[in-house]
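Asks: Chain residues, written in single-letter form:
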Amino acid sequence: MRALAVTERDLRRFSRNPVLMIASVFLPLVYLIIIGNSFQGELKHLPLAVVDQDSGPYSRRVIELLQAMQEGSRTIDITMLSDQKQAFKLVKDGFYKGVLIIPPKFSEDTIKNVNPQIGLFVDNTDSISANGIVNIISRSMPYVKTEYVSVRADRAKAQFRPVELFKKIDYDASLVPGAIVMAIFMGTTFTGAFSLVMDKFLGIHESYLSTPLTKMDIVIGTIISGVLITTIMSFLVLLGGLFITGLKLAGGVSSFLLLIFTISLTALGLLSMIFIILGRADHPRIVGVVIGFLNVIFYFPSGAVYPVESLPGWLRAFSAVNPERYAVHAMKALILKGSGAAAIQNDIIFLAVFTAIMLFFATITFKRTM
Amino acid sequence: MAYAVEVKNIIKKFPSVVAVNDVTFTVDEGGIFGLLGPNGAGKTTLIRILTCLMKPTSGEAKIRGFDVVKHPARVRRNIGVVSQAMTSDLDLTAWENLDIYGKYFDMPRKERHETMEYLLETVGLKDRARDLVATYSGGMRRRLEIARGLIHKPYLLFLDEPTIGLDPQSRLVIWELLRKIRSETKLTVFLTTHYMEEADKLCERVAIIDYGKIVALDSPVELKRSIGGFDIIELSLSELSPAIMERLRSMKFIKNVTEKESSVRIYVEDAAKAMPALIEEFKRLNIAILNLAVHEQSLEDVFIHYTGKSIREEEAQKFNPFVGPGLPRQMPGMRV
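The listed protein sequences derive, respectively, from chains A and B.
When the letters of the first sequence are read in order and numbered with my numbering, they come out as residues 1 to 370.
When the letters of the second sequence are read in order and numbered with my numbering, they come out as residues 371 to 706.
Source of the hints: derived by calculation from the structure; they are not laboratory data.
Check the hints yourself; a few may be wrong.
In silico lysine to any residue, SDA-like type, Cα no more than 20 Å apart, as pairs [unchecked claim]: (1) B:Lys-383 x B:Asp-580; (2) A:Lys-367 x B:Val-439; (3) B:Lys-480 x A:Leu-4.
As the structure is a prediction and not an experimental result, all values here were calculated from the model.
Pulled out of the complex, with its shape left as it was, chain B reads as follows (with noise of 0.2 Å):
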């Protein structure tokens, strides 16, 4: 079966950095593909170096088979991308961005404008078209994007974090959105966040990318498995000791014991049946429970579990300091 991506052995160096390091991984046709990490990653790096617009240092990427380096033009005409930035022209109407967008793939104007008319419908701006997208919310404007990135019916869908800065209900209507389209055409959706919920709900396989390199790769259910567990209570004791833990660990049903701090956390395979058990321990230990709460294992763990809970000292832009911040950044490495 043929691969919608294809990437193999794929580096990326900036001076300072390695932004991707040798990163291998293939996406299905079909369905909606998530890449998570943290700031700083190396997500949005990965993503230019898939659509044509950065060069990998070394590696191979093919997208339907056509290399990202030697076929650009082929690459470009089977996928479409929403950027991460807001990247539609205020300027002009969602109409007029969509039909200047259509012709950019030298579309002609009856298919352009039937696709149009569809697309707008969708995504639920038909009766907003003819306004100037100035006018537009973000939700609305992220939404003309995602039309906008489908107006050629591309055979890959590029969203570079779709619901960044968007309230709860516009990341409903996106969602709605992504399955609506996802159930509708064959299309394959590469989706990177780090909202992690997007992800568990979107998405049939995920990788988890830190530090320029893939640390899990599997379907979000999985993901949740490899790391033991599916419920977690979290304890904070009246007293905790090294004995304390050695006791929680050897006790059968207790799949995993993190401690932090004056809490602990307890992976099981099922909370309710595991309560009384641990409840009925803590007596015979004689330590009180001062706060306890149960939560399903989520998408958000395994990503921790993974990648940590450090906060990433993300590269410092670079800039010229003779004529600061608007100097052209085009030189490798100046822009991560």
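If we strip away everything but chain A, and leave its shape as in the complex, we get (with noise of 0.2 Å):
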């Protein structure tokens, strides 16, 4: 069969750029790394200046909690600074997170019980570490009363008591569908259409367009080859990154093979569209600008990192139209649930409803003629 011919000359090709397969492992999996290692981290060590202007009972009080959390969790350091200006100019230059301010009938309110008040300031151009200093400080303030915290818990009270469905998955082992689908991207754009622009950038595509071979075997023998490649990238880069976070496939045989029909049926569809985009391309540069848009537009809207749930409407209608998001979704489903094909019914209907699309289009686009 001809078609397989093209494929054929593809993968051998590939093979001859050793440096090449490695890296296409390498890359996604150092991002994972690198990824999971810059959001998960706890806040720790945030500078937090107290003024107390009091010096009563109840300021001592608020003063030890806050010690208490700096012994304990290490989420602040606290310095007892006497200069209200001061301690404001602080937080400014950046010295200080935020700055807590006792004023000085506190303790006098707290006794008699007429509304006592706080002040903290916080420096709010670094959002996620002003909002950490908000929670901590919000969450011991009820106890600035109560000399004790009771063993026992009031039994008239409803107690809220989270409970986690799957075992307990970090961030960086949550990432892993992400770096899938971060590999598999990779994967299509530098085999399948990438590889007929390095031909025409060559001049070597003139060879095989004088020979018997259709627009049809050209795009079908370039697509195979590329949704094979990708296929064995992303499953190693699936092991690469079972083995750095220590997860493990939560489902069974069926899973898998659910996992790897998706991983090479997303690839498909990512193929056949860069090929109807890069169809016509003759010069690797274009491929780069090319790639480094689509990259970031499918990526980050995918929920690979961060929940679809939290992005703007705008975002989240063109969210329900990109396959990454679907691919995500359905690997996190397999991978982390271990679900099965029900579960990832619809992103299979989307992601093969897109590919037939997609690879109809690829090879109407496609020009044989030189």
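Grab the two chains, each in its own frame, and use the hints to assemble them into the complex.
Replies: Below is the structure:
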């Protein structure tokens, strides 16, 4: 079959580039490690200035609570300052993430129960640290009037206990599906249409255009080799990801097979889409620009790093037609939850329809003449 | 008798230039046909039309009786193409290049491998067949590409500037190779070149194309005869005037005289016989011969006769100013 000869040519050529093969598996894993460790860390040692203008029993109680937090969870590092103005300046200059002001009549108000207030001023240019400080201070303030925390809980009070349905999953482990999607995307960008672009750039496409190869042979043959390479690469990234994060595949053989199927289908869809866009390009520079752009618009709204639910309306609308979103959703279900076919049915339907449309147009728009 | 190639009133227009302008000719089966022309004359465009890589604006072209526009698939099965640019895969070995190419033509494995063995032997690459083409010299790569063009035993082989950029040794090897193939098979070869020596040595018939038109078509011998004289005596004289030119033209044994700056080119049938009379005449006119060169008329002279000496302003390649030369250039006329 002629199309398979095209595939064979691509595979053989790819096998002569071992550096590319290693890099293509290595890069998504490096990405996994870096993103996994950049976003998941708990906040520690946030510098907080405290100005005590009260020096009463309850202001001391507040400071004790803060010191307890400093020793315990190490979320904050507190520094006592006497000058309120200077404290504000130091926050402005970035030496502290916030300043806590205990006003002069705080203890008195607390004793009289007349709405005692503490001022907390945070550097909201760093919203994540600011939120962190606000959270822990507001959590601890109810205990100001309590000398000790009762061991026995109040039976009348409703208890809230979160239950995790699945085995505990660290943030970096939850990124494994994202790393695979990234590997798929990368794979589709240096196989498939890209090899045709390189042929044109090197001027060697003329050699097969004068053979009986049909348009279909060239498109299908090139895409098959792309799917094979991309699937193998993504599989290696999956193994590497599991090894690095210590995650174990949640499902059995059937989930695993579904996973491989999802990877291949996603690769096929993306390869076809890129074929439409790059089918007529003849310079690798164009590929660089287009791929950089596509990577950003498909990857970040895919839910791979942050939930799709957080996106604003317009971006969520785009995300609804983003194939990577469905790939991520399906792979999260298969890898992290071990779900079966029913859970990913909609994802597969979307990906299949997307792939069919893209493949159709890839074949139509490809030009066989010079 | 059937023609290997039949071209009737082929025109190929690009927005800014007519690359092929109403060309008509035929090529007989067997033998080597040469298409000569300066850069930008329309050779490659014509080859691309004949190899179904480009559609003509109008006109008709047939290969072995199959129309290149109506039956491109049939035409492709009958032709082998060695294009001007090196088009073998550097990342593959010679063997793989040929094997995969053979598969494009649906050749069964046994037949494919037998032909490959034979061709690799013929082009002298048998010992290097398992090496990557990236390690090959230009001449080796070209020989491989000729082998590749022959893998499916085509009826007609197109060679677009087969020896361009090669050293004289590699060129000789390729000429030998083509002669060998021609003597062993019934293959017809359609060759373009602007090396006149190449056309002279290899081709039975030669067409000269310039500005998209065929300006001469015949055997090299006949073409040389057609411009008059066989030998050229080139002289630098101490003086040159219209009267002297007139005197030379009136001499019986001189076929033609042309003048360029201070030198004259005298076309005669036999230089050895003409020389004494010429020298005698100049002595009589009291004109000194400052420099003298005799050369046999070559195809080069024919070529210059028909195409002139001016260097061609080649059509500048267009590119899109917004994205630079990397734009898809497949719009008609973007690449001539």
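Asks: Against each hint, give a clear statement of whether it holds in the structure.
Replies: Against the structure, the hints come out as follows:
1. B:Lys-383 x B:Asp-580: 15 Å, holds
2. A:Lys-367 x B:Val-439: Given that 20 Å is the threshold and the Cα spacing comes to 15 Å, the pair holds.
3. B:Lys-480 x A:Leu-4: With Cα atoms ~18 Å apart, Lys-480 of chain B and Leu-4 of chain A stay inside 20 Å; holds.
In this structure, none of the earlier numbered hints is contradicted; all agree with it.
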